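> Could you slot chain B onto chain A? The hints should help.
2 protein chains.
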Amino acid sequence: MYLCDPKRMETKIKTFSQFGATGNGGITRHALLDADIAARREFVKCMETIGAKIEYDDMGNIYATLAGSNPEAKRIVMGSHTDSVPNGGNYDGVLGVMAAMEVLETVVAENIPHEHPLTAIIWTNEEGTCFKPTLGSSATISYEYLPKDLQAIYQHDDIMKAESLFHPSLTFEQALKDSGFYGKRENRLTRDNAKYMFEMHIEQGPILETAGNNIGVVNCVFGMRSLRVSFEGQTVHAGTFPMNHRKDALYAAAQAICYLHEEIDKLGYKDLVYTTGEITCKPCVHNCVPNFADFSIEVRYSDGEVLEHVEKIVHALADKKWAGCKCKVVDCWRRETVYWDEKLVACVEEAAKELDTKYQFIHSGAGHDAQIISYLLPTTMIFVPSKGGLSHCEEEWTSVEDCTLGASVMLNAILKADKK
Amino acid sequence: MYLCDPKRMETKIKTFSQFGATGNGGITRHALLDADIAARREFVKCMETIGAKIEYDDMGNIYATLAGSNPEAKRIVMGSHTDSVPNGGNYDGVLGVMAAMEVLETVVAENIPHEHPLTAIIWTNEEGTCFKPTLGSSATISYEYLPKDLQAIYQHDDIMKAESLFHPSLTFEQALKDSGFYGKRENRLTRDNAKYMFEMHIEQGPILETAGNNIGVVNCVFGMRSLRVSFEGQTVHAGTFPMNHRKDALYAAAQAICYLHEEIDKLGYKDLVYTTGEITCKPCVHNCVPNFADFSIEVRYSDGEVLEHVEKIVHALADKKWAGCKCKVVDCWRRETVYWDEKLVACVEEAAKELDTKYQFIHSGAGHDAQIISYLLPTTMIFVPSKGGLSHCEEEWTSVEDCTLGASVMLNAILKADKK
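Residue numbers (our numbering), protein chains in the order written: chain A, 1 to 420; chain B, 1 to 420.
Chain A with its partners taken away, still in its complex shape (with noise of 0.2 Å):
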């Protein structure tokens, strides 16, 4: 068993928390902007120094590779992001990098002997915060392999014309040039270059912290239903149109949110997740009864079948009125649940059990780049525990020791695949 070290962990912690960092704890780092490009400044000279070499493809994806004892074989990689969401936290993704930093540093450190070569990745642009869509990088290159309705979200010309949120005429091709990170196309990973895909996150949920667990090991992730409902009122004055004849289109929206939780819950399925997070509203204002609002919904859970009866759920809200207004319920996305490999899987348990650490299998109900990859290749994932289960915020933590662990528990997982 071999371990990685917590101080070049905790040093690579502090350091790449200084990238973007926004003031309060976390960091905004919009792919290829300003404060991304710092970060992968500090991947390229970090893997220099041990010896990788650092390759970039036509995506920006970036490779370090560490050669193996046989010059035949194909690469194992891991790897994960260095952008954020915005007021983000110092681990989501990044850790994953940190980590596949460390796998490689602890390889270099101790010597250890690998018939394989060892890579290293950034995946560029996971997040989809800044220019769309979320994961188009990992897709571009695993294109060919990807379902249908995923090759309909990443068509290639789209992904590079996407205009960036914040600086509308810039377009990811564009910014992509600009950061010096962008590399052939026959340097991106392939089925002939590479046999299997490991990547570390965080949990980015209270599972494990509430088992009291140190380790996930993912067995999947969730599929996924997004649908967008809507519905179709009558603006009049606040002050003047009595109640009874309204066609309140928020006042439709509340009811219907409270409806789906009420018919969802029901159910009784308690790892499914369901979330309305998005809400517009027209016109919006104190004194006019709105004319229009909608909301997103998305649902994840494993049982695909379980996710089509929601689905019936939600497209059911249109068959009646609500509070005078109609409703329509449109698709917006869907992905089926991927299960990991399995032999990769238990390479994760083995090496969680030989290292005495306190673990569990887990789903993921995130999506992360290894999703998509799976397609191209043989992958699975390792979790770590988050504070308070808190993702996608400043509060986002993991202690040293536990990003440390999953480095350790990475590494020998892969030194157990380097065998098969």
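Heads up, a few of these hints could be off.
What the hints assert, rightly or not - Think about it this way: if two alpha-carbon atoms lie no more than 20 Å apart in a straight line, the pair counts; the simulated SDA-like pairs of lysine to any residue are: (1) B:LYS132 / A:PRO283; (2) B:LYS320 / A:CYS258; (3) A:LYS282 / B:PRO86; (4) A:LYS270 / B:ASN244; (5) A:LYS282 / B:HIS286; (6) B:LYS282 / A:GLU278; (7) A:LYS270 / B:MET243; (8) A:LYS282 / B:THR22; (9) B:LYS282 / A:LEU165; (10) B:LYS387 / A:ASN244.
Treat the hints as calculated values from the structure; they're not laboratory data. Every value quoted in this text rests on a predicted model; they were computed, and no experiment measured them.
Okay, now just chain B, sitting in the frame of chain A:
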């Protein structure tokens, strides 16, 4: 009895509907910006044509006056506003201005004797949609007679310095000076130079139409309470955080909106109206549980005790948690019910009767310049029907016949008041 002229009224409606026309049947005419300046110039041109004397005061209010037979008598004034809400209709406000023009035009055309000078007025910036606050110009000239809570809202410096919502560095004062309608303070309407005020307006509700009446003899403007209800939750990842530990601020707001509807409806006051018209949500993205949501609620009714009862229901929201979120309720604005001057209401009723109109007594749920001027002068209002009760939207419509009838009622009511 004298009758106004439907042909002249129709021409005015067509002419004013061009200023700020959206192309969809309505107008966007922000106070003191281009379209409003065009409407004001049209008013001045028409009133000069009939020999009225034109004056502007230092709030840009425009006065067009026909002298009366008694050189000592104070003016009897009529008026409303030419500005509109964004994508508003062709009647809210401007109909009161057109009716005042029509009254003066009829007086001249028919050579109607009158003792008091008669004045048609445009009040500047009634809507307050571009420069806050609403009713700021009528409030400025009535300031010393306003109740303290209204005085607090209408600080002259704040009104002048208010910045445009659409041109950030443009202040109300600058727009006023640029408009060419910045006049002298000594031109303001005062108790020394004016006796009574009349305002004709569309009902902005469906009561007259539903009852089959053409004239509303308005007896009061409803009092109002405006509050803001906010919820503080916790942003967590939509895919990873179990349902039973969430603090979902948007779900909390939805529950509270539904609860308020239930509780206020239980009170059973037929004419009471309340509206939750505005909502905000943070971070407002589909894959985050919202950590903040707030909404406006305003309630209007004649009886102040009932308004206080509703206020208590709203405030009581803060006594418990909603969907795990803390709730805060803030009072934003209040105004008490204003009853019109009884002898002027009687003049309007007599005129409506003598003209053989179908009329009824009615309250105003909306605020109007008249309600502010009522602190300065004896004041009353006349309503004409709104098709479908629609207002603050492009569908706003009143027949030429009803518009003309309303002007005729105002003319004859003024001639009665002229003798008192």
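> For a C-alpha distance cap of 20 Å, please report whether LYS132 of chain B and PRO283 of chain A respect it.
Holds. LYS132 of chain B to PRO283 of chain A sits at ~17 Å (cutoff 20 Å).
> Within a Cα-Cα threshold of 20 Å, do LYS320 of chain B and CYS258 of chain A meet the stated pairing?
Distance of about 18 Å is within 20 Å: holds.
> Is the hinted pair LYS282 of chain A and PRO86 of chain B satisfied, with a Cα-Cα distance of at most 20 Å?
12 Å, holds
> Would you mind confirming whether the straight-line C-alpha gap from LYS282 of chain A to HIS286 of chain B stays at or under 20 Å?
18 Å, holds
> Are the Cα atoms of LYS282 of chain B and GLU278 of chain A separated by 20 Å or less?
Answer holds: LYS282 of chain B to GLU278 of chain A is near 8 Å, not above 20 Å.
> Check whether the Cα positions of LYS270 of chain A and MET243 of chain B lie no farther apart than 20 Å.
8 Å, holds
> Against the 20 Å threshold, does the CA-CA distance of LYS387 of chain B and ASN244 of chain A hold or violate the hint?
Roughly 17 Å between the alpha carbons, so the hint for LYS387 of chain B and ASN244 of chain A holds.
> Is LYS282 of chain B close enough to LEU165 of chain A, meaning Cα to Cα at most 20 Å?
Holds, because 17 Å separates the two Cα atoms, which is no more than 20 Å.
> Between LYS270 of chain A and ASN244 of chain B, does the CA-CA distance stay at or below 20 Å?
9 Å, holds
> Decide if the proposed pair is consistent with the structure: LYS282 of chain A and THR22 of chain B, CA atoms, cutoff 20 Å inclusive.
18 Å, holds
Violation of the numbered hints given earlier is absent; every hint is satisfied by the structure.
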